[in-house]
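Asks: Starting from the known structure of chain W, arrange chains Y and Z on it as the hints suggest.
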Amino acid sequence: MTLIYLLDMFGTAVFAASGVLLAGRLRMDPFGVVVLASVTAIGGGTIRDMALGATPVFWITDTNYLWVIFLTCLISMIAIRRPRQMPWYILPVADAVGLAVFVAIGVEKALRFGATPMVAVIMGVITGCGGGVIRDVLAREIPMVLRTEVYATACILGGIVHTTALSMGVAASVATLAGIITTLTIRLAAIRWHLSLPTFALRN
Amino acid sequence: MTLIYLLDMFGTAVFAASGVLLAGRLRMDPFGVVVLASVTAIGGGTIRDMALGATPVFWITDTNYLWVIFLTCLISMIAIRRPRQMPWYILPVADAVGLAVFVAIGVEKALRFGATPMVAVIMGVITGCGGGVIRDVLAREIPMVLRTEVYATACILGGIVHTTALSMGVAASVATLAGIITTLTIRLAAIRWHLSLPTFALRN
Amino acid sequence: MTLIYLLDMFGTAVFAASGVLLAGRLRMDPFGVVVLASVTAIGGGTIRDMALGATPVFWITDTNYLWVIFLTCLISMIAIRRPRQMPWYILPVADAVGLAVFVAIGVEKALRFGATPMVAVIMGVITGCGGGVIRDVLAREIPMVLRTEVYATACILGGIVHTTALSMGVAASVATLAGIITTLTIRLAAIRWHLSLPTFALRN
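Residue numbers (the numbering used here), protein chains in the order written: chain W, 14 to 217; chain Y, 14 to 217; chain Z, 14 to 217.
If you're looking for bench data, these hints aren't it; they were derived computationally from the structure.
It is possible that part of the hints are untrue.
Because identical chains cannot be distinguished in the list, a pair is counted as satisfied if it fits within a single copy or across any two copies.
Said to hold, decoys possible - Lysine to any residue pairs mimicking SDA-like chemistry, simulated, CA-CA at most 25 angstroms apart:
id, residue 1, residue 2
1, Lys122, Ile173
2, Lys122, Ser186
3, Lys122, Leu210
Just so we're clear, the structure is a prediction, and the values are computed from it rather than from any experiment.
The shape of chain W in the complex, shown without the other chains:
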């Protein structure tokens, strides 16, 4: 479980960095940067914990999350002045790792609080995607995950593999790993080949 915890901190840092980048495009002041980074990194898990009744929410009891966010903001604001000079795939790939871990953590926590497998998958999706949705709402954009290639779909499939493996009696650590690998593989494939689902469009 220590590996999962380290990956969780990595995911927190990556999600925070994506908030910093958006804040930088909107020319926010340092506080705005920290807020956008924080809601991106811990917003999904906060909604999950509030809905489950797992209060006080996770970052109140374990403040490592907050320290990781603050450090990420500090380092990002100093280091990233020209995001174009980074290879384009670095942030999406790191984001995919964070996403996969967040989904697995959400699934696992929901099951621990007595949720059914279906609800656990939804809690995994909320944990993985919720923060990005709040970030985009605050920045006045239509949330990316509602429109982007196979983002939340990867979370759903990862969550289904995770819960199905558990219900077939697979060991918890193996089921978690299978879920993470599923989410990650689908998301990386979507990034690599620009996969997207057909959209549902209505003539108005």
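Replies: Frame of chain W, contents of chains Y and Z only:
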């Protein structure tokens, strides 16, 4: 109470369908459709339960809500390709029924958790209108209920009739019914005659 | 503590009035006015209580907050027809008083629920700024606090003074007062001299 439960499921389906329609106008992918349908259908009740401390929230303990939403999305995406071919009044009228039931359920649940009548009315309004507000925020529109003809006002009056009847010793089922009929009648009248309150405008 | 309670009610009224003003600019109907006033006045504390698990949230157990909001809406809609005729500094200065009190209340409540000083400061910021963020999101604006001169920064510094004083053994009432004065002074200075932090901007 079985009738209320059936109406609750009907309301859930109708609210979900309104989310599907908006998602279709925004050309979302199937996942975006399900998300927008879900927040519309269960968003208000979720805020209510979080504020009351009624956790885990209702759709975690009774997953019928989720199944109704998924089925509604599936059927809507297949059946509704040209919303203009439906008579225009079908969705608003169905929405009014769902709204009236949601308000009554919110009032009733708040009272069960020890809220005062005033708070119960507010919880009724949150249950009825909260989902639509989140839907509109995600779709980057100013929430319809803040601007539309006698929408939330119908909820407030329905909630007041409901709680007043109870405080006068009327049987719970009769009070609930009186509340539902009040909300529904006012809302239908508003739809039929395009009633709206005078707006409050400031010269800036 | 009675003074704090009175200041809390004053802050609730001022925050509600700022919601009324925005609703008036958007030509909302009276219900929209009340909603925008309410989320501005009690939104931040509601998020705080949900995250802490302090449910039912504060305005469910003490309905004075709701009465203050309703009265403020009523009076504002009657009295404020031409906001330009008010001296420009009245609302920002009153808002600064409300903000300083809300931060102190958030810090104090978080500590009472066992939060660490860092989390308490964050809860202070959420209590002070959360309502304004929701107000701006509903009105489809990028939240003011993410962009404005030393708004949230004042809250952070006030919270730090408050918690540091407590940890140094200062009496609770003195620490609270020190926190309030810090937030208020910094915010008033920012209003008076248009202070703002340098923004973080990325070339894209």
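Asks: All the hints need checking, so say for each whether the structure fits it.
Replies: So, going through the hints one by one against the coordinates:
1. Lys122 - Ile173: within (15 angstroms within a copy, 32 angstroms between copies)
2. Lys122 - Ser186: within (13 angstroms within a copy, 38 angstroms between copies)
3. Lys122 - Leu210: Cα proximity of Lys122 and Leu210: none, with 29 angstroms in one copy and 39 angstroms across.
Hint violations for this structure: number 3 only, all remaining hints satisfied.
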